[in-house]
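Asker: Given next are the chains, with one letter for each unit.
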Amino acid sequence: MEIFSGLLQGFAVALTPVNIMWCFIGCFLGTIVGILPGLGPPATIAMLLPLTFQMNPTSAVIMLAGIYYGAKYGGSTTSILLNVPGESASVVTCLDGYQMARNGRGGAALGIAAIASFIAGTFGVIMLMLVAPPLAKFALAFSSPEYFALMCMGLAMVVLLAGKSMVKALLAMLVGLWIAGMGTDLFTAESRFTFGQAELLDGIDFVVVAIGVFALGEVLGNMETREGVAMLPVPKGLRNLLPNVEELKACRFAFLNGSVVGFIIGILPGAGSTVASFISYGIEKAVSKHPEKFGTGVPEGVAAPEGANNAETGGAMVPMLTLGIPGSGTTAILLAAFILWGLKPGPLMIQDNPELFWGLVASMYIGNVILLILNIPLIPLFAQILKLPQYVLYPIIFGISVVGVYSVSDSLFDLSLLTFFGLLGYCMRKLDYPQAPLILGLVLGDAMERALRQSLMMSQGDLSILVSRPLSAGMLVLTALVLAVPMFRKANAWRMKAID
Amino acid sequence: MNRGEVVSGVVLAALGGYIVSEAAHWEYLGPDGPGPGFFPLWYGAAMIVLSAVLVVQNFLAKATVAGRPVNWREVGRVLIVWAGFAVSVALLKVLGFILSFGLFVLFMVAGMYRRPLRVAISVAVGCAAGFYLVFPFALDVRLPIGVLGF
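Chains as they are written, first to last, in our numbering: chain A, 1 to 500; chain B, 1 to 150.
By construction, these hints were calculated from the structure, which means they are not laboratory data. Some hints could be false.
To be verified - Derived list of chain B stretches under chain A, where covered just means 3 residues or more per stretch with a C-beta under 8 Å from a C-beta of chain A: (1) 39 to 52; (2) 73 to 84; (3) 127 to 139.
Positions of the beta carbon are idealized from the N, C-alpha and C atoms, including for glycine.
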């Protein structure tokens, strides 16, 4: 009853014309930021923060939150249409989204991404509203051993991302771990694998590797022959540009899977939407009746990670609002904004500032509706990108890649690295090495090493700390089960062969 | 036998060897727990083992599986595009993004896709102008600036 009256109060705040306008502006800016690779929500919110000092804090947080979840909606566009992941969480969307675009279902993929984002985003808000305080306590029970186990679970997804060869997938993941290890060691300040280059002391940004390996690797692969001047297929008519009933039906479980996984992982500080998107994709593939089709353009392969990516937003708000602990770069900046406005996120946040908390929750409902209305009509417009001849489209992808990397780091050295990773991406394609495990290793490697070392410091080198705590032991058992999936499949195939 | 897989396996084994040799210089276990050499030593060793598995798998399968022949003409075309891109990146410091990118587009359209020069120039100018209008002008996103000031 308390929740219901709070929500009513929230809608009364969020539905004022001024707050609807700020919500729309936030969602619109977020969509643009999401589409442009490199320019992420943390940078945009940081840039706009000074402008919000004169605003009412409730309106300001409604707009900034709109940028946060709006960017998640927009992030899928370049992944699907150009194979250019703008942020780490969009990497998984490339796997099936871009293949759908190549099969003439680019519009449908964008539609599925928007619908999954809407469903999962709304689910995230409902859960934020209902279970924020108890779940925040659960997140606090996570210490280094649990994080290590979670990262192991994320890395175990490599077995589900592997193509024809598990060995190649594991090798790609190890290369990702190596790249993640470059730079200054956080514990001892030792520089590792820097080849004497001062620019490598800060490590290599994920954006450089992901854009190089995915976008440039793909374009270089398509440049092998000049005959490929034919355009990518775009079906005619609005109906053919949107997902059909069969595709939506195939995504039923993916919508739910993405929503739940995304929200739960979002609550855990530091885990982030990347882990959520990889795990939800892995689960989707593991339970699918046709796992072999993943990576060839199946709609579930878009719906699950996109849903997880968006539900994570609601989850990430839980520790930030109820404990004052930011779980990601964006929520860290939002937390700074709260403090600048004179508010104190924490256990008393809902009690002390009900108007702001419930206004934000209600605005997120409204924002998700705005984003769906904003994104679906834009699909035909975005799909026109695929109609560009390759001799125009490919140079544009090269240009967007350069802008995406430079806007993140302002570094010409990073552009040289981009060139190198582009060639690496092409070689990986040519030699049938899957690219997603490399990104998985890169994204999780640093956090995994940190969690392992912190755990062993806690136990003075005793490895049993990883299995003596119920949560971490449970997750390690799950990891072992995930790793055993290919063996079960192989054994099953042999059994069927023997029966035949 | 797939020669590409064998070569990549050898290269990755060498990388694994390099990682292990570097990690050996760093502390493995200290009084406060694992040192900077702990994690790299393990994944470096795993890389060597898995590369060896990949190579051995290929030798064992030599009688049954033949690798796809490499079309060096196609690879050469890709390397030319890549070299063109690398040169345009190297020129960013001198020419700036707009000019360097325009020249790269010209090279791609006229050189690699063999479009008429008139078309190539139009696409190059259009792309460079479009990028300038969208990024630095409309969105205030910084792009590399050359000696000419743009």
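Asker: For each hint, tell me whether it holds in the structure or not.
Answerer: Do the hints match the structure? See the list:
By the rule of at least three residues with a Cβ nearer than 8 Å to a Cβ of chain A, the coverage given for the stretch 39 to 52 of chain B holds, with 8 such residues. Three residues within the 8 Å Cβ limit are the bar, and the stretch 73 to 84 of chain B against chain A gives 6, so the coverage statement holds. Here the stretch 127 to 139 of chain B counts 4 residues with a CB under 8 Å from a CB of chain A, which clears the bar of 3, and the coverage holds.
Hint compliance for this structure: no hint is broken.
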